Amino acid sequence: MLTSIREKVLAERRISEEDALRLFESDDIFTLGALASHVANRKNGRNAFFIRNRHVNPTNICVNRCKFCAFSRSKGQEGSFVLTIDDIIGKLCGGQRETATLQKKNHARRALRLTTKGFSEVHIVGGLHPDWPLEYYLDMLSAISKRFPKLHIKAFTAVEIDYFSKISGRSLKDIFRALKKSGLGSMPGGGAEIFRESVRSSLCPEKISGERWLEVMETAHEVGIRTNATMLYGHVEDLADRVDHLSRLRDLQDRTKGFQAFIPLAYHPKNTEIEGSYTSGIDDLKTVAVSRIFLDNFDHIKAYWIMLGEKISQLALLFGADDIDGTIIEEKITHSAGGLSGERLTAEQLVNLIRKAGKIAVERDSFYRTIRVYP
Amino acid sequence: MLEEKRRVSKEEALSLFKNADLLGLGMWADIIRKKLHPEEVCTFVVDRNINYTNVCINKCTFCAFWRDADDADAYLLDHETIFRKIEETIALGGTQILIQGGLHPNLDIFFYVDLLRSIKERFDINVHGFSPPEICFISDASDLTIGETLSILKAAGLDSIPGGGAEILSDRVREILSPKKIRSSRWLEVMETAHRIGMRTTATMMFGSIETPDDIVTHLDAIRRLQDKTGGFTAFIPWTFQPGNTELEAAGKNKKAKSRTARTAKISVQSPATAVEYLRVLAISRIYLDNVDNIQASWVTQGLKTAQVALRFGANDFGSTMIEENVVAAAGVSCASSLDDIIGAVRTAGFVPAQRDTLYNLLRVF
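Taken in order, these protein sequences are the chains called A and B.
Take the first sequence: its position 306, counted from the start at 1, is 306 in the numbering used here, and no numbers get skipped.
Adding 375 to a residue's 1-based position in the second sequence gives its number in the numbering used here.
Read the hints as simulated data drawn from the structure, not as lab findings.
Hints are supplied without guarantee of correctness; some may be wrong.
Here are the computed lysine-lysine pairs in the DSS-like style, where the Cα-Cα straight-line distance is at most 25 Å [said to hold, decoys possible]:
{"hint": "1", "chain 1": "A", "residue 1": "K150", "chain 2": "A", "residue 2": "K181"}
{"hint": "2", "chain 1": "B", "residue 1": "K385", "chain 2": "A", "residue 2": "K356"}
{"hint": "3", "chain 1": "A", "residue 1": "K356", "chain 2": "B", "residue 2": "K393"}
{"hint": "4", "chain 1": "A", "residue 1": "K356", "chain 2": "A", "residue 2": "K75"}
{"hint": "5", "chain 1": "B", "residue 1": "K385", "chain 2": "B", "residue 2": "K409"}
{"hint": "6", "chain 1": "A", "residue 1": "K8", "chain 2": "A", "residue 2": "K43"}
A quick note: this is a predicted structure, and the numbers were derived from the prediction, not measured.
Whole structure, please, built from the sequences with the hints as guidance.
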């Protein structure tokens with residue numbers, strides 16, 4: 001049944017939206033896995049990547065009220081929080097002891113390529129705070145880069161960038177230049193959800209449109225900022241909505257080549273307004289596989305273990321994923337909505353998962369350059 | 376092998392372990408599962424696990440449950456407590472109790488006969504109880520043969536026997552993991568005897584500790600050979616060693632740690648079996664055990680998402696809904712939600728959820 005698609009994939013020809021829909025509708029997960037593995041292998045060999053990273057959320061106070069989100073709060077609401085810049089620096093200092101042993105174990109040159117903190121990247125995303133000016137974010141980046149000059153800062157979703165533009169009255173390009181100057185290294189891919197308006201209007205009516213999300217990313221790519229892309233699935237969308245989403249990402253990537261990784265995110269139902277159920281493990285693996293096959297111009301597909309759980313993330317390595325994210329250390333967003341995983345994995349645990357899946361574990365930096373291979 | 380419809384040999388199984396691609400194994404196991412269960416139903420039993428005592432003389436290194444009789448949190452449930460748990464189980468639509476416990480030095484066959492009779496006098500429920508280590512312990516404590524012990528327990532009301540305590544049926548592994556527990560041959564003897572007097576049993580395998588693929592194949596082969604003789608196994612249940620709070624884990628984390636037995640210091644388990652290893656064992660079990668009808672997915676050890684994937688890697692049953700003590704006592708409502716979670720998980724995995732009884736007869740299709 002999937003023969004014509006198989007032929008296209010093996011011949012390195014692009015599959016159509018109709019093909020992608022057929023793959024989603026198929027229950028032949030074994031052929032899906034084999035085809036996706038074929039593509040992953042062509043792009044990354046047997047390598048599977050991870051990174052030593054840390055997440056920081058500066059605030060959960062947000063002017064938007066997305067119905068799938070269990071993280072956001074209003075100002076003054078119970079459970080709301082804000083971090084000062086000193087708080088953030090304090091969190092980044094947390095890994096000191098780990099680094100000392102790391103530096104002893106590895107020789108000096110390798111240790112230098114890591115940061116002084118035991119992780120090489122910080123991932124910063126947060127709510128749209130009603131009072132913070134753009135300068136606060138610029139000061140945050142400057143303070144971090146001054147204190148940790150080797151740390152890569154991956155920060156702010158397209159939704160936050162759009163908000164910065166609104167509150168400051170400055171153009172996207174202008175904002176990107178200012179953020180870059182203050183130390184922004186790259187951008188994550190959050191806030192994409194499902195692009196189609198019909199889904200967005202019931203899921204996150206206050207959030208920027210799919211078109212605007214793509215516009216922000218296109219501008220980031222134009223000024224030389226690499227980003228990721230995500231898709232939140234398993235809530236109210238249908239399979240055609242997923243395909244439409246993937247297709248728009250593939251089109252933009254054709255133009256800019258600015259996306260590094262695509263990250264499918266499984267919806268979590270706890271404490272949200274739309275509730276519903278967890279996605280099935282089978283759906284998770286199929287979504288990874290279809291993404292890998294369809295997004296032929298993306299180098300990397302990430303199975304984000306915080307959202308898929310470490311078991312499904314490991315299995316995803318056999319369904320087209322080549323990255324399982326990183327050590328994370330502290331995770332609030334998914335865990336607010338009933339995250340089933342822990343909040344952190346050590347590098348050793350990540351290496352073990354990758355090895356047991358029959359892959360070569362490669363510790364990467366923020367641009368997928370190899371830091372260390374664990375044969 | 377698939378086309379020829381002949382059995383996979385031990386050597387072939389070992390080669391599948393070492394060389395076969397996991398997706399290929401899954402596809403093969405899925406085809407076999409579909410042939411045996413073409414209706415795309417995934418079954419489960421509504422039951423409750425009643426552990427009558429945690430006092431145990433075996434003290435296996437992988438176990439976090441056992442206590443000495445004089446430990447502060449050692450317990451032995453009285454009849455009233457057990458009856459209440461059974462009442463709650465029946466009220467929640469349960470058809471079976473799984474009654475298992477430690478090897479308590481003060482108990483003999485009179486305790487068990489009394490317990491079974493008093494349960495059966497009061498309740499119409501299937502008693503699935505006493506794994507082979509308990510059966511052997513009862514027969515030794517009462518100076519009876521295994522056959523005599525089983526016949527007495529059966530007459531008193533024991534319906535079927537759970538397959539626990541099998542761990543890995545390789546004495547090399549047992550010598551290290553559970554030196555005081557019965558040997559492989561005794562486990563198999565209990566099951567064979569039970570089957571011969573008309574009792575059905577399950578079979579389990581706990582892997583992901585210190586065994587090799589060779590040990591796992593040896594285990595599968597022992598089950599298949601006995602099943603050829605008796606046909607008494609209803610299901611095979613592979614599950615993974617869970618390292619929390621066990622001596623085996625302590626030994627893995629800190630080899631210098633003073634453990635409760637000298638022997639455990641030699642054992643080291645760095646990390647539990649991963650999902651890839653679980654599905655490999657599951658698929659090979661489905662392929663190898665051509666004479667066992669049902670393979671259970673272990674959602675308790677793997678989580679619901681991996682259990683869903685397991686339904687495409689050879690499993691056709693979700694085991695027990697595991698009515699929990701505390702939640703039942705609280706309201707009897709949370710159990711319904713755990714049942715709902717299981718029904719929902721089976722459905723979103725693309726299967727029809729159905730409640731079954733102990734012998735895999737369908738009771739209610741959802």
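Right, here's what the structure says about each hint:
| no. | hint | verdict |
| --- | --- | --- |
| 1 | A:K150 <-> A:K181 | holds (15 Å) |
| 2 | B:K385 <-> A:K356 | holds (23 Å) |
| 3 | A:K356 <-> B:K393 | holds (12 Å) |
| 4 | A:K356 <-> A:K75 | violated (46 Å) |
| 5 | B:K385 <-> B:K409 | holds (24 Å) |
| 6 | A:K8 <-> A:K43 | holds (16 Å) |
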